[in-house]
Amino acid sequence: MSDAKPSFGAELERLEAIVRELEDPAIDLDRALELFEEGVGRLKGARKLLRESELTVKRVLEESDGAIRTDDLDG
Amino acid sequence: MGGLDLFGEAPPASAEGAWSVADVTRRARQLIDAGFQRVWVRGEVTGFKSYRSGHWYFTLRDAQAQVRCVMWRSDNERLPAEPEDGIEVFVEAKPSVWEERGEFRLGIKRLIPTAEGGLWQLQLERARAALERDGLLDPARKRPLPQYPRRIAIVTSPDGAALRDIVSVIGRRWPLTQLWVVPTRVQGEGAEDELCAALETAGRLPEVDVVIVGRGGGSREDLWSFNSERVARAVAAVPAPTISAVGHETDVALTDLVADLRAPTPSAAAEAAVPDRGAAMETVAALGSRLARGLARPVELGQERLERTSDRLTSTMQSQLERRAALVEQLGATLDALSPLKVLERGYAVARDETGKVLKRAAQFSPGLAFRLALADGEVQARTSEGDDE
Chain A
1260 MSDAKPSFGA ELERLEAIVR ELEDPAIDLD RALELFEEGV GRLKGARKLL RESELTVKRV
1320 LEESDGAIRT DDLDG
Chain B
6 MGGLDLFGEA PPASAEGAWS VADVTRRARQ LIDAGFQRVW VRGEVTGFKS YRSGHWYFTL
66 RDAQAQVRCV MWRSDNERLP AEPEDGIEVF VEAKPSVWEE RGEFRLGIKR LIPTAEGGLW
126 QLQLERARAA LERDGLLDPA RKRPLPQYPR RIAIVTSPDG AALRDIVSVI GRRWPLTQLW
186 VVPTRVQGEG AEDELCAALE TAGRLPEVDV VIVGRGGGSR EDLWSFNSER VARAVAAVPA
246 PTISAVGHET DVALTDLVAD LRAPTPSAAA EAAVPDRGAA METVAALGSR LARGLARPVE
306 LGQERLERTS DRLTSTMQSQ LERRAALVEQ LGATLDALSP LKVLERGYAV ARDETGKVLK
366 RAAQFSPGLA FRLALADGEV QARTSEGDDE
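Protein chains in written order, with the numbering used here: chain A, 1260 to 1334; chain B, 6 to 395.
Be careful, since some hints might not be right.
[To be verified] Calculated cross-link-like contacts (lysine to any residue; reagent style SDA-like; alpha-carbon spacing at most 20 Å):
1) A/1317 x B/165
2) A/1317 x B/155
3) A/1317 x B/206
4) A/1303 x B/288
5) A/1317 x B/199
6) A/1317 x B/163
7) A/1307 x B/294
8) B/99 x B/43
9) A/1317 x B/169
[Stated by the list, open to error] Computed from the model, here is a short list of chain B residues facing chain A with C-beta under 7 Å:
10) 45
11) 46
12) 84
13) 155
14) 174
15) 183
16) 184
17) 187
18) 206
19) 282
20) 291
21) 295
In short, the hints are calculated from the structure, not lab data.
Here a beta-carbon is modelled for each residue, glycine too, at the ideal position from N, C-alpha and C.
The whole structure should be built from the sequences, with the hints applied where relevant.
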């Protein structure tokens, strides 16, 4: 059930935190390199999400016992 | 009303101690005020007059009776037009007595014509008042929508234009999301029940960030389910932020007032529910350049530090080398001093036999022995003389 798409919002939030820490004048080089590397990975991930995501549309069906299932609905 | 003490003081029993007019009208007003809550009254408007102050005065009547009415400006200014004499209306009113005139009259809060949907309107007003009493129309209840929703539930008809519009707009703007359609009838028999059930289902779905409820345009009757108090309460009960989109721009439904956001159309609801992909791209790009600039500075600092370190390293090496060189020179001098060559310089010589063994004793020099003398600047071949001259 929990097949929600990867969260762009969460990626963006982490990226913002990385950039903020990187902009701290007291940061040392090792930490900066580590953050940069993670940041580049997340940038790629966020761009990929924006470029390649396709909308999924599902229909919610409720069973008589109240259980919920979904099936694909053609958008 | 039964417990009301109508006459706190005993009414005057005789002409002595008679009440003043003011006394008796005030008593009457107190009595009426205490005896009536607001009531809805149906009647025909007559003798309508609007004063310069903006207050309205008229009489409401039916076949058996009539009553004076006043509607203050603050209550009538939201109405689209003045009622004409002879039209039938519903009024929500507080009965009272105007003491100066000794006049029983109705203070009117709302006025709705019975013709042209007056009854619909009345029902809507009642539902609205009930929601208002429960605080469901309070603007402070409105929650912000999430910026980047991952899953959006849509409560609407699966075959309606509303769903097609929503899917198309979100597919274009923000395909990073999932749409979960909770199908329901949106008009006709049973639509209210289905809408309530679908909203309840939508509220139970996992990880839903926003719920859109709505339908496309239609007649007043078609849209009526969205004016149901029960449906409005079901919208208010959804745990996730809600967007209500019913009909076209001008149609405002009760669900619109209860939802966190009212969208004029289903397409507008879709626009409001998701961000724009292009704008998000720009946000990401801006973060990318901040990331690069962020790294450039510590790298520069690191380079400077490295250069300073290497300068120190070079100068340290230099002085080390110089010290070593001085030491080598000094050791060389010592070695020099200890060398046998130095002794030879002073005029001594070393004698060796042919095997190179040093001859230190006179006894080692047998007559005729060939030996070599090492001097400071070279060697000399020598031989002891042969025997005695007898």
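Now the hints, each set against the structure:
1. A/1317 x B/165: At roughly 15 Å apart (the allowed maximum being 20 Å), residue 165 of chain B and residue 1317 of chain A satisfy the hint.
2. A/1317 x B/155: Holds, at about 13 Å.
3. A/1317 x B/206: OK: residue 1317 of chain A and residue 206 of chain B at ~14 Å, within 20 Å.
4. A/1303 x B/288: Holds, at about 13 Å.
5. A/1317 x B/199: This hinted pair holds, its Cα atoms lying about 19 Å apart.
6. A/1317 x B/163: holds, 11 Å
7. A/1307 x B/294: holds, 17 Å
8. B/99 x B/43: Distance ~5 Å between residue 99 of chain B and residue 43 of chain B Cα, so the pair holds.
9. A/1317 x B/169: holds, 13 Å
10. 45: violated, 40 Å
11. 46: violated, 45 Å
12. 84: Violated - the Cβ of residue 84 of chain B stays beyond 7 Å from chain A, reaching only about 43 Å at its closest.
13. 155: holds, 5 Å
14. 174: Since the shortest Cβ distance to chain A is 10 Å, the answer is violated.
15. 183: holds, 5 Å
16. 184: This interface hint holds because 5 Å falls under the 7 Å limit.
17. 187: holds, 5 Å
18. 206: Result: holds, 5 Å to nearest chain A Cβ.
19. 282: Holds. Min distance 6 Å.
20. 291: Violated. Min distance 9 Å.
21. 295: Holds - the Cβ of residue 295 of chain B comes within 7 Å of chain A, reaching about 5 Å at its closest.
Violated hints, listed in ascending order, are 10, 11, 12, 14, 20; each of the other numbered hints is respected by the structure.
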